[in-house]
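Chains X and L, in that order, give the protein sequences. If you use the working numbering, the first sequence corresponds to residues 1 to 386, in order. If you use the working numbering, the second sequence corresponds to residues 1001 to 1094, in order.
Errors might be hidden in some of the hints.
Just a few of them, taken from the derived set where beta-carbon distance is under 10 angstroms, the chain L residues facing chain X [what the hints assert, rightly or not]:
#1 VAL1025
#2 PRO1028
#3 VAL1045
#4 SER1059
#5 ASP1063
#6 ALA1067
#7 TYR1068
Output of the computed footprint for chain X on chain L, the stretches with three or more beta carbons under 8 angstroms from beta carbons of chain X [unchecked claim]:
#8 1031 to 1043
#9 1072 to 1083
These are calculated hints, taken from the structure and not from any lab test. Since we're looking at a predicted model, the values are computed, not measured. Don't be surprised by glycine CBs; every beta carbon is placed ideally from N, CA and C.
The chain contents come next:
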Amino acid sequence: MSRKTEPVLSRRGFLISTGAVLATTALRPAAEAQAPLATPAPVPGKEKLIVRSSRPVNLEARLADLTDYHTPESVFFVRNNYDTAPIDPAQWSLKLEGEVDNPVVLRLDDLRKLPMIAQDVTLECAGNGRSFHQPRASGIQWEHGAVGTQRFTGVRLADVLALAKLRPSARHVAFDGNDKAPTPQAPDFIRSVPRWKAEEGHTMLAWEMGGKPIPHLHGGPVRAIVPGFVGSASIKWLERIMALPDEFNGFYMKSNYTAPRVDNDKEIYSLESLEVKSVIVSPAEGAKLPAGRVTAWGWAWSGEGNLTGIDVSADGGKTWTAGKFTGDWHRYSWRKWEHAWDAAAGSHTIMARATDSLGRVQPTSRAFNRLGYRWNVIHAVKVDVA
Amino acid sequence: MWRSLALAIALAVSAAVIPAPAQEVAIPQTPGWELIMRCVICHSVEIAVQQRFGPQGWSDTLDRMIAYGAPIPPEDKRVLMAYLLRHYRDPAGR
Chain X
1 MSRKTEPVLS RRGFLISTGA VLATTALRPA AEAQAPLATP APVPGKEKLI
51 VRSSRPVNLE ARLADLTDYH TPESVFFVRN NYDTAPIDPA QWSLKLEGEV
101 DNPVVLRLDD LRKLPMIAQD VTLECAGNGR SFHQPRASGI QWEHGAVGTQ
151 RFTGVRLADV LALAKLRPSA RHVAFDGNDK APTPQAPDFI RSVPRWKAEE
201 GHTMLAWEMG GKPIPHLHGG PVRAIVPGFV GSASIKWLER IMALPDEFNG
251 FYMKSNYTAP RVDNDKEIYS LESLEVKSVI VSPAEGAKLP AGRVTAWGWA
301 WSGEGNLTGI DVSADGGKTW TAGKFTGDWH RYSWRKWEHA WDAAAGSHTI
351 MARATDSLGR VQPTSRAFNR LGYRWNVIHA VKVDVA
Chain L
1001 MWRSLALAIA LAVSAAVIPA PAQEVAIPQT PGWELIMRCV ICHSVEIAVQ
1051 QRFGPQGWSD TLDRMIAYGA PIPPEDKRVL MAYLLRHYRD PAGR
C-alpha cells in the first residue's frame, strides 16, 4: 500500500524506476547514454514540492510537510491541465451565458458588491494516489500529496448566477478558465457541475486564499471553489460560466475525470464527490520509535459526506480502536485526527480508516480503473519500535 | 510540413510559458530517443516518462496526441512506440 518515493525527475530516481530495463541490458558492453532534456525548474516559492511535471506545472507535497490545518502556499499542491500567463485583476472579467435570461459580463468590483463569504476548504486532485494503482494507471503519478486546505474568500456562486437569471432549462453549470491547450485540436479544459451543486451555499467564486489574493498558480485572480467535489471542478483563472441543459459535452467530462460505476462497470460517470479518505502524517513510513507512548496523527476528509469516525490499527488491521478528531474544521475541510497507545518493541503497521455520514468506509483495495481515480485505500505505515 | 507545424506550436506555447531556470531530466539515448522531442513541444518530458503502458496503451496515447496535433507521422510512430515500450513498459499494462 505504501510505496517508497521515487522522484521521477532526478537522474537517480530515473535509474531506480527503470531498474528492470537496466538489468536486462547489463550484458551490453557499455551503459546506455542518457540524453538530458532541459525542462523548466520548480516555481519560485514552491521548491519544497515534488515536481511531477514542469509544463504544465504539476507539483505535490510530501506528507511530512502537510503538518498544518491551513496548508501554507509553499506546500500547497498545483495541478494544471494546461498553463496560462498571469492575469491582471484590473483586466479580468467573467462572462455568464447559455441558458440564462440576462447574459452578463462581471468584473471584480461587481463581485465585491455581493455578500462575501470565507470558508476553509480541502481541495484534492481526483488522481491523488494514482501511483498506487496496479498496473500503472494513465496520468500524473501522484502519491499522497495532491491535497491541501486553505481559507477561501469570495462570494456564493448562487448569488452570481442569480444576476444572470438561470432559466429552468439550466440543469448544469460549466466553468471555463483562461488556460489554453497547446494546440487548436486539443480539448479546452472545461468542466461542469450539476445545478444543485452550483447553487449549494458553499460553492463559491473566490479571489482570496489564506487572506491574500489567490496566487497565479492557484487560479487567481478568480477561481471556482466547489467544495467536496474533485479538485478539477474548481476551475482556475475563471473567465466564462455557461448554464447548460446537460452535463458539458467535452473531453474533460466524458473521457477524463470519469470512472466506471461500481455497480455497473460498463457505464462510466463523470467524477463528482471526493471519497472518504485519511492519511497518516506521523509517524512517517520507516520511523524508528522508542517503546512506550506513541501518538499517530493525520488528516481525514470526505467530499459530500460528513466524517463520522476514524479508526486506527497498530497491528496491520487485525484490531481497530476509535481515534479522535481534534482542532478546527469546517463543513468541507479536512479534520485532524490522532490516536495514542503504548507500543511494545517490534515492527508495527499503523493504519487509519475514516468513515462518513454517507455510510462510506475506506476500503482495503480499489479496483483498477484506467485513469487511476478514487484512490482512498486505507493508508498504512510501517514503524520499528525499539 | 511537420517541422513547420512543430515550430508553430513551439512558438505558440513558449509565448504562454513563464520563463524559469532549466533543470535536467535524463532519458536513455537508444534508437528513437530523438522523437521524444516531438512530445516536449507541448509538455515537459516528465509527463511522458512517468507513464507505463503495454502496446495498446502506448498506441492509444500516441494516437490521441497525434489527433491533438503532435507532429508524429506513421513511420515515426512505429519507432517511438518501440522506444517507449523498451523503456516505459508496464508488463501488466494494457
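Evaluated hints:
For VAL1025 (chain L), the interface hint holds, since its Cβ comes within 10 angstroms of a Cβ in chain X; the closest pair sits about 5 angstroms apart. Against a cut-off of 10 angstroms between C-beta atoms, the interface hint on PRO1028 (chain L) holds, since the closest Cβ of chain X lies about 5 angstroms away. With its C-beta approaching chain X no nearer than about 5 angstroms, VAL1045 (chain L) sits inside the 10 angstroms limit, and its interface hint holds. Because the beta carbon of SER1059 (chain L) sits about 13 angstroms from the nearest beta carbon in chain X, more than 10 angstroms, this interface hint is broken.
This hint is violated: ASP1063 (chain L) has a C-beta 12 angstroms from the nearest C-beta of chain X, more than the 10 angstroms allowed. Annotation: interface hint on ALA1067 (chain L) holds; nearest CB of chain X at approximately 6 angstroms, less than 10 angstroms. The criterion of a C-beta within 10 angstroms of any C-beta in chain X is met by TYR1068 (chain L), whose closest approach is roughly 4 angstroms, and the hint holds. Against chain X, the region 1031 to 1043 of chain L contributes 6 residues with a C-beta closer than 8 angstroms to a partner C-beta. That satisfies the three-residue criterion, and the hint holds.
As drawn, the region 1072 to 1083 of chain L meets chain X at 0 residues by the rule of a beta-carbon pair under 8 angstroms; below three, the given contact is violated.
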